[in-house]
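Number of protein chains: 2
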Amino acid sequence: MTMLALSFARVCSGLAPFRTVLRLQPLCSASGITVAQIDEEVAKLLELKARLGGGDDGKHQFVLKTPKGTRDYNPKQMAIRERVFNTITRCFKRHGAETIDTPVFELKETLTGKYGEDSKLIYDLKDQGGELLSLRYDLTVPFARYLAMNKITNIKRYHIAKVYRRDNPAMTRGRYREFYQCDFDIAGQYDAMIPDAECLKIVHEILSELELGDFRIKVNDRRILDGMFAVCGVPDDKFRTICSTVDKLDKLPWQEVRKEMVDEKGLSEEAADQIGEYVSLHGGMDLAERLLQDPRMSQSKQACAGLSDIKLLFSYMQLFQVTDKVVFDLSLARGLDYYTGVIYEAVLTQAGVAPVALASNDAQNGSEESVSVGSVAGGGRYDGLVGMFDPKNRKVPCVGVSIGIERIFSIMEQRAEAAAEKVRTTEVQVLVASAQKNLLEERLRLVTELWNAGIKAEVMYKKNPKLLSQLQLCEEMGIPLVAILGEQELKDGVVKLRVVVSREEVATVITASGYS
Amino acid sequence: MTMLALSFARVCSGLAPFRTVLRLQPLCSASGITVAQIDEEVAKLLELKARLGGGDDGKHQFVLKTPKGTRDYNPKQMAIRERVFNTITRCFKRHGAETIDTPVFELKETLTGKYGEDSKLIYDLKDQGGELLSLRYDLTVPFARYLAMNKITNIKRYHIAKVYRRDNPAMTRGRYREFYQCDFDIAGQYDAMIPDAECLKIVHEILSELELGDFRIKVNDRRILDGMFAVCGVPDDKFRTICSTVDKLDKLPWQEVRKEMVDEKGLSEEAADQIGEYVSLHGGMDLAERLLQDPRMSQSKQACAGLSDIKLLFSYMQLFQVTDKVVFDLSLARGLDYYTGVIYEAVLTQAGVAPVALASNDAQNGSEESVSVGSVAGGGRYDGLVGMFDPKNRKVPCVGVSIGIERIFSIMEQRAEAAAEKVRTTEVQVLVASAQKNLLEERLRLVTELWNAGIKAEVMYKKNPKLLSQLQLCEEMGIPLVAILGEQELKDGVVKLRVVVSREEVATVITASGYS
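Note that the protein sequences, when read in sequence, are chains Y and S. 207 is the number that full-length UniProt numbering gives to position 207 of the first sequence; each next residue is one higher, with no gaps. 460 is the number that full-length UniProt numbering gives to position 460 of the second sequence; each next residue is one higher, with no gaps.
Everything labelled a hint here was simulated from the structure, so no lab data went into it. Fair warning: this is a prediction, and the values are worked out from it, not measured in the lab. Keep in mind that the hints are not guaranteed to be accurate.
Treat identical chains as interchangeable: a pair holds within one or across any two.
[Said to hold, decoys possible] Only pairs whose alpha carbons sit at most 30 Å apart, straight line, appear in this in silico DSS-like list of lysine-lysine: (1) 462 <-> 151; (2) 311 <-> 437; (3) 437 <-> 395; (4) 466 <-> 422; (5) 65 <-> 108; (6) 311 <-> 395; (7) 151 <-> 311; (8) 162 <-> 120; (9) 65 <-> 491; (10) 456 <-> 93; (11) 65 <-> 120.
Can you build the whole structure from these sequences, using the hints too?
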């Protein structure tokens, strides 16, 4: 039997529970079977399923929750989120970025072959007839698709939007299946390392402004990694998989990483040990200079190109005043396939910020980082990705950075809670209240004047609310002012304006165009 | 044969193209067939499909596009979108709303049974193991789920986010499969019609501020519709379906609507004609008063309750100064199942704003609306929806409005294009340029000072850009100022600051903390 016949036999044997006897003749050939016909079968089965009651066997038990790995944001969380987004957006705009938006789903094939082993984490949409779609996994691949589709060779853009990964959620650590990414990318053929350095400047600015505590930005280059693998004797076809193993150095001690290289990936002990020497190194421009003189490393043209660029990068970073936080770290690898040059990752170094305590693997190097709370930003250069979407493989060099905002939210939320900080969730400036009954009309008239004048104002939706409950609402919502209407004041053509906190009062004249 | 057997036979006959002979024994009973088994079959067929090449018969042809019914937003479109969102958000905040966010997908069962006939338009996610999920269809059902889940009985919130409908897209008219909704809702037990009137005030404010041309807000009440159906002799079980037909009156002339009622829905001609008389009526508070005296209508308690509330609503709307745009229109029905009281819909009335010209069905009524460009906002009261999510069916009365932003974008985009309006897509205030070669370091140093001082600034990513190309960049991007570095100026410790449009120049002293 052919492969197809086999799988078809399995399909039919699966039908047995329908209490139907199916007799199968071997398939003569696979020809004549089209995807459209399968679609038709699937549609029929799904129709049958719908008729059977759409997924519930037996009694209906309704579960009131959000999907696994996702969460709602309540007004307080949104207030914090808005503050963070504003800081980030302000920085992106300060650096002259435009913004774009792309759909939340893409054609499945747009995402295919871009994420290596992570592809299994992509959410697919159900085949309801029509195109095969997947939820976006990041904002970088849609950006590259956008550039190729619109033949754009030059752009500096930011994009803040949700992405989706069917990962194991760890929500207390800010790891969700639906989460925001804040991406800034520079596409275009420019002089080396200038845009790359600006991306690092941006990470530095954002993490400083958000006041999350001290941080480090690790920098490396894919070409240095590849050159290092080559001179250490890693076979060409093992570069990517060994690179993935090196990427685990931020979570595992060297001994375990070495073990994986040798036992699982079949690398020689000698090669592993040579890699081990290199990946324990970190420093600044001086380290790049030293490695350019390294008898082994200097034999790789790729490594030398990468090292020269690291030197250039550091010189620009000095001008940008960010070298205080940047470390050239040969253990930084980053998971994604599409990077081709400089890569970087920012980590918060302050202990106890998040409830994660990991074994430090570089204590022996005298590093001051005792606890890693994980990466809060990362990125790098990907000069080949746009070309993958272009029919003629025309390349558009790109470099970018993605701010991992959920972890930052988590930290800020925990802080706001710990400080019992009172977060206002509305911006209302004044509540229009009444001291007596039967003043609804007057309240509505006054609040209308205020709204029309652009003032943020509210009334209670009651005909005759008590003054006390109106004042309580102000305290509860942090409304600073209350305009109190009373019969006497209305006769006098004034309204009492009270500062809620101090109880100070002034009488204000009501004019045709509001109050003055 | 049972229904199930029949459909199963159809499933199997559909397999014939696989060149397989299937012999079918009649099903003894439907028992023993589970949804899980169907799922399994579907999975197998889809696996087979994937093996056949995932939708492409033959050679792989990569299509560079966004999914059907979706679009990217380029920087210009985003600039327009941001302006519209800012106007809307400002209005929501002026009215004291907080904001929340919910996940883009919900458990499938959360959406089940909320949208009537429209449920077929819901996007489902693929069953990749785990929960069955669907993309949200609107923001109202997730809001109700959020309230019930968190036992919130009181909130005024807005939510601006994308929703998803597998509808036939009509993108030139602003109808997409992925589109934004801007929702404002008030939940809580309050005195009648005050929050309802505020929702209409909000629509009035937003449509006025956006300057989209003249508009009308149609108002009706589900209780008036139901009362009208009852007194016109529509059988109880036909209320919803006749309501759906009435809903088509904004697109079809009365004769066609009548035909559907009689021929398709089996309503008597007499009942249809009585409905016809009522739905041709529109007016203001006076019409509500007249109908309260109407011998037939006044026999329905429901209709009377609705009509009294319409009167009250109009009295509040007078105080809110919005009655100039509001019409009490008995033909307004709105599609969704969950409305229980007041409903409303705003339409732009200015001809030629959007490329849609529909046959006017109320020309005989002397209406000034000659061309309908479709609804740009809609909403109403839904007092039962939250209770559907509460295990004890505890109700939280709600009223809200949704701004249909895509149509508004389309109009504003067309306008910007027609006016050949130059839309700036960045906010850069100054370009740091150089007049001679070899001044990259100085440029980077100065732009760093500017960034650190919070000034939006850029440099060209070239070592030695020509002054002309730097000035061209300013013109192109609308950057108003250019700081020109030259060797003489550097010696003098100054920088030339030029206004790009007027070519006016001033020399500015460079200080340690930036320029002054």
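Evaluation of the provided hints:
Only between protomers do residue 462 and residue 151 lie at most 30 Å apart by alpha-carbon distance; the minimum there is 22 Å, versus 58 Å within a single protomer. Taking the shortest alpha-carbon separations for residue 311 and residue 437, only the inter-copy value of 22 Å comes in at or below 30 Å, while the best intra-copy value is 76 Å. With identical chains, the CA atoms of residue 437 and residue 395 are at most 30 Å apart between copies only, with a shortest distance of 29 Å across copies and 73 Å within one. Taking the closest pair of Cα atoms, residue 466 and residue 422 come within 30 Å of each other only inside a single copy of the chain (25 Å); across copies the shortest separation is 53 Å, beyond that limit.
Taking the shortest Cα distances, residue 65 and residue 108 sit within 30 Å of each other both inside one copy (28 Å) and across copies (11 Å). When the C-alpha separation of residue 311 and residue 395 is checked against a cutoff of 30 Å, the pair qualifies only within one copy, where the shortest distance is 25 Å, while the shortest distance between copies is 66 Å. Within a single copy, residue 151 and residue 311 get their C-alpha atoms no closer than 33 Å, and across copies no closer than 58 Å, so neither meets the 30 Å cut-off. Proximity of residue 162 and residue 120 under a CA criterion of 30 Å is satisfied in both settings, with 18 Å inside one chain copy and 25 Å between copies.
Taking CA atoms no more than 30 Å apart as the test, residue 65 paired with residue 491 passes in neither setting, with 54 Å inside one copy and 67 Å between copies. When the C-alpha separation of residue 456 and residue 93 is checked against a cutoff of 30 Å, the pair qualifies both within a copy, at 27 Å, and between copies, at 7 Å. In this homomeric assembly, residue 65 and residue 120 come within 30 Å of each other (Cα to Cα) both inside a single copy, at 25 Å, and across copies, at 23 Å.
Violated hints for the displayed structure, listed by number in ascending order: 7 and 9.
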